[in-house]
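There are 4 protein chains.
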Amino acid sequence: MTSPDRRARALEVLREQRIETPSWGYGNSGTRFKVFAQPGVPRTPEEKIDDAATVHRFTGVAPLVSLHIPWDRVEDFAALAEHARAQGIELGAINANTFQDDDYRLGSVCHPDPAVRRKATDHLLECVDIMDATGSRDLKLWFADGTNYPGQDSIRDRQDRLAEVLAEVYARLTGDQRLLLEYKFFEPAVYTTDVPDWGTSFAHCLALGPQAQVVLDTGHHAPGTNIEFIVATLLRHGRLGAFDFNSRFYADDDLMAGAADPFQLFRIMHELVQAEAVAGVPATGSSTGQPISFFLDQCHNIEPKVAAMIRSVTNIQEATAKALLVDTDALTAAQRSGDVLGAYAVLKDAYDTDVRPLLGELREGLGLHPDPSAAYAASGYFEQVSRDRVGGEQAGWGA
Amino acid sequence: MTSPDRRARALEVLREQRIETPSWGYGNSGTRFKVFAQPGVPRTPEEKIDDAATVHRFTGVAPLVSLHIPWDRVEDFAALAEHARAQGIELGAINANTFQDDDYRLGSVCHPDPAVRRKATDHLLECVDIMDATGSRDLKLWFADGTNYPGQDSIRDRQDRLAEVLAEVYARLTGDQRLLLEYKFFEPAVYTTDVPDWGTSFAHCLALGPQAQVVLDTGHHAPGTNIEFIVATLLRHGRLGAFDFNSRFYADDDLMAGAADPFQLFRIMHELVQAEAVAGVPATGSSTGQPISFFLDQCHNIEPKVAAMIRSVTNIQEATAKALLVDTDALTAAQRSGDVLGAYAVLKDAYDTDVRPLLGELREGLGLHPDPSAAYAASGYFEQVSRDRVGGEQAGWGA
Amino acid sequence: MTSPDRRARALEVLREQRIETPSWGYGNSGTRFKVFAQPGVPRTPEEKIDDAATVHRFTGVAPLVSLHIPWDRVEDFAALAEHARAQGIELGAINANTFQDDDYRLGSVCHPDPAVRRKATDHLLECVDIMDATGSRDLKLWFADGTNYPGQDSIRDRQDRLAEVLAEVYARLTGDQRLLLEYKFFEPAVYTTDVPDWGTSFAHCLALGPQAQVVLDTGHHAPGTNIEFIVATLLRHGRLGAFDFNSRFYADDDLMAGAADPFQLFRIMHELVQAEAVAGVPATGSSTGQPISFFLDQCHNIEPKVAAMIRSVTNIQEATAKALLVDTDALTAAQRSGDVLGAYAVLKDAYDTDVRPLLGELREGLGLHPDPSAAYAASGYFEQVSRDRVGGEQAGWGA
Amino acid sequence: MTSPDRRARALEVLREQRIETPSWGYGNSGTRFKVFAQPGVPRTPEEKIDDAATVHRFTGVAPLVSLHIPWDRVEDFAALAEHARAQGIELGAINANTFQDDDYRLGSVCHPDPAVRRKATDHLLECVDIMDATGSRDLKLWFADGTNYPGQDSIRDRQDRLAEVLAEVYARLTGDQRLLLEYKFFEPAVYTTDVPDWGTSFAHCLALGPQAQVVLDTGHHAPGTNIEFIVATLLRHGRLGAFDFNSRFYADDDLMAGAADPFQLFRIMHELVQAEAVAGVPATGSSTGQPISFFLDQCHNIEPKVAAMIRSVTNIQEATAKALLVDTDALTAAQRSGDVLGAYAVLKDAYDTDVRPLLGELREGLGLHPDPSAAYAASGYFEQVSRDRVGGEQAGWGA
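Residue numbers (the working numbering), protein chains in the order written: chain A, 1 to 399; chain B, 1 to 399; chain C, 1 to 399; chain D, 1 to 399.
Because the hints were derived from the structure by calculation, they are not lab data. Beta carbons are placed, not taken as given, at the ideal position from N, Cα and C, and that holds for glycine. Among the clues, some could well be false.
Said to hold, decoys possible - 25 Å max Cα-Cα, derived SDA-like pairs, lysine to any residue: (1) K119/A to P39/B; (2) K119/D to W71/D; (3) K119/C to G30/D; (4) K119/C to S337/B; (5) K119/C to A171/C; (6) K119/B to G398/B; (7) K119/D to R137/D; (8) K119/C to D339/B; (9) K119/B to T31/A; (10) K119/D to R336/A; (11) K119/B to D129/B; (12) K119/A to A37/B.
Unchecked claim - Residues of chain D clear of chain B, computed beta-carbon distances all greater than 12 Å: (13) R15; (14) H83; (15) D129; (16) A163; (17) G209; (18) T225; (19) D261; (20) G289; (21) G380; (22) G391; (23) G398.
Let's have the full structure, built from the sequences with the hints guiding it.
Rendered as structure tokens:
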């Protein structure tokens, strides 16, 4: 039985939870084999923002949208921010792109040619300029850099080049701006990836300074990796800056968060709840003293995009709610006494709870329909944009 | 020390080895993140054939080129075959494509909608028509079909649909035409793949009849899979129809054959040599009584394509040569007596041998330069086609 | 909302569900690093049966216990069966052991030495004798056979030897006895395993005859393998004979069923429910026309064993109950219409349901406490056997 | 063609290479399923040392043997060191064991109970005492600590406990003694491992001080992990203290070094050669300013142990020799100019070279037979110890 106090506290935290959706998740995407176009897909950054605002309108907890440069480059970022505010949301993190120019065939910030590194660095600096214009706090860096063949380049030289570029970009940050460095096990490079694991990202962040933190993308690990261990470890060192949520069965599948292994998502959230780092407050010991960002970073290659984003948000909410219901006193007591099955049972009791009524109550308290997916489906939004967004070029990755 | 007899026999077999290169390996390719264009890339099926003929001219063992429909669709396939012959090579297998039409978003031959299945089936039947025109023996089928989310479709119904389509296509074959069914662990679908493993392909082939055999793509397995075991097992059941050679570190990386794990390629070749199934003769017990096809199926996303294909051919030759040098009598004696280290040593002795002199001799016997990569680099072919192939649209996957 | 009809039907099926626990799961077990002894562990086959009966007494759905020979060898198996019946349960499958004799260092049924194969075969035949004595229907065969080094033995010869032994054993079966052939990806052999995947087991079963079927152990697959696909495929071919349930994070961890990925267990159960093969009735098209056996096969290296077994049984029940609540009409409609998110939502709705009240009702209907774990903990059984079972030698794997 | 200078330099480095063999590699070992006893296995630490000395006598590059406490605990370690010297070798690293006492069921240095942590810490301190007695430089710490079930213990608390114990042990070191912290992906714990990856070990070493470095065991990574990347990264940070060499196909298989993927071992050696860190000299920037230790850590479950150790040593030598033959000028030139295939070709040319003649020359220069495996086989040592070592208890892991 969930205690009334715990339930009330859960509602309080869930009310403060903030999930940031990615502009590129509203555009077309696909695999190397095919990008399937979908009806109603946005053609402009503004239309992506409209979709993001729709997700917020039905969920109440997604008031931020991340931009990707150059896909979302506009003349006037202040005007774009204004457009977002008019729709009820804010612009969030700026994501850099150093992988879609022919110059980047062999890398960007790690490229053997200094001219290419310069070009990539300038792009990163431009992103900080954009952050100044939009008021964004987070510069999120994921590098596609790596090699495909043994011997292709010097692993170690590439690390040195990376460190040098990062230092220049870090020095450009002002105020409470953060540099968030993402790691990824493989893809698109397949032999080496220049930031393949949390350790590499962590070591670079240490070298940079307190405003550098690690981004954990839940799809970027080797098979069998215990992700919640990494969460706990980065929290312990104060260097967990952000999540990129999504789910996967095999590679970086970029499925909806919580779709592949909801128990894993719950365990991740449990680590955050233990560290009181879920909702809008900085985790104890954070090197930046700023809250962790909860980004979604996923593609919807075959399913409708706004509906998939809504489902992802509610999946995260469900995992969070279950984690908030864990009877932590009972858990700690069982752990301390070496009661393996008792401790597992406490966790599983919370996980087995059907939290949909609790979340329905949360939404009604926010003036929303208790079932965002159903309400969205009934709203006619998809049909409307499918009719309206005809002509022009649909947004996509531009691969 | 390699015995002179074994060396002579190796040369004999290597002289008969036939490797078939893929037309699409000469075009641009990439990842979902970016396709980098390269200079000198062919713009037409004829130019792809010219590149394939170049690989054969320098290696002497690549006299066949596989086509991919619709990427290589032409008005007059007989004329295309004639063009190939004029360049010194032949057209090989026909590869079907049922993954690049918007109708195939949820699958092709396994799609829930019978109309889509009909469309896909008609494409497969068209491919047999083309085989009739080109004189190709092999219909190679790889299906991108699968699902991304649990529940998305009925796993079992999809198998039934697949079986029905395959039966219709199989019935259309004539003479010694073969249906070769490829399996793949994941990608582009990520939750289920409709032919994910050799067992599924094998079971369908059994149901179809003797002219149906399995294609083993060396990049299409789960991590840790022992591929040579599958080779041995399929040979034992007479159902190994073809290889798609390439190499990989993590997923279906489509690197040059032998690049990632040359010892594994050697072990695969060892199984073939044991079964006397390397060069142009049918493996004992083959359901078709036809030789195994040695296809290359790889991409060259960042490296020059013709040079990469030549290197792949020579990598396969090296693995084959080493396998032919295994002292099989000593190996069998060690195995039978339970001498674990002795048996391993026999295999490793062959593997440790530098077979480049032997292959140089082979090539000189064929009137070729002993080092195909060096000879190609010196030939000026790349520079020539880079100058000539300007304008038009470079060949690619069209994703 | 779950319809009352579906709920009633679920209760009906759950009442008929039968889970068979393994005698060796009550003994000590461990890793190659250490076997930790636990209090109260049985010292005799009879005491293991007492523990199995205890699991049944609290769950009501575990009326069978599997034996492992020689660990459970007794003088008088009829008397052992009588002991079981007196405790309220029955003897189930006979599990053979051909891996713990020094003769089996290089294999048993696949060993290069015919004398070792003879010894192993005789053990298997003895197991059928025991089946005759106990009335067991299932001969469950898992072979530790394989090799550790490339070249160590001929992969193909080993398959031939395996086929020959299996044929002799199959010929010995009488009546409705079944030969159930288990596969395992790796361990204890690490280079090759002689029955590494479902395809290999399936091919051997086909060669043997209709009374041979495949055992799917949920911990015996490569990382990323879609197990429910294999379930669906084996059902389609009528060759799914049994499950060995357990769970795993990385290798064959043998954790409690449902502990590592409860969503996966639910998806497996969903395939069985779709095929109406959950409870005591044969799956349509089964080659034997007999129901699938639901074995547990797990170790409890650090947790108390009877309590862990009870939890495993209830975890399986929960997954089954959720699968029975799937709104199959809505699911099929969504699948047929290509509604990816709708179909996923139907599955997830069932999974999100808290089925503990339903299972409580089931148990009360059987005259049991609604919470078996709590009732067992309160029963004092563990404390009692911990006091009683002192002296003698605790049961274990004897490694 | 290998340049004479490069060949001469390779010989020079190979002459200085030092490989340290593990005492436990001479004893019986196995899997959780079975430990197969072998003839001639040592019964005492002295006999293990005799075997290690035999490996050195035939290879010339294995003059050190690692001890494992308590398996090698003796009354008088100075006398043991004297015994070793009399055989021509030295005692090397001290390996602690905190996993084979019943108290360690839920961990040792991370155990929730402070009394268990105290016991484990005292054992570690005793190991430093032994180091003082033997003159060993390296304290090698691998912890079996971890959890099997979600919730079983607090991931983060366990890190804090670990840090506290390590700090106490580190403070006990004197002179140039090093604390070497090993990481391992999984096993024996399967849900979490308390030091699962290089990042965790690295972060603890940073916190401890310069005399703490990371141990990289080549078998302790997730599938698909690029190990040479980790080597390069740890070298860059000065924290690569030692290797545990062995090889694996799937898990921590502990096969002979180089047996499973010789190309990978070559690539690892290439990173060391690039950093001039192969033979007896400290890598530039090492936090300790001491050379990297090259440990073997493997089991020989089915193969004879001394012969397997000799083969492992020569496998490492072959990989090292090939790495030393890489034309680094050509490699760097190709890398800098973005010549992907050219750079790969340089590496592969070295790898394809048959270095057995070079190593034969090296050994003859040391007054040894050019083929250590053949010379050992001919020596009669195995037959002699098989006759002599009868009675008593064979050494083993004591699991």
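>> Going through the numbered hints above, which ones does this structure break? Give me the numbers in ascending order.
In response: Hints 18 and 19 not satisfied by this model.
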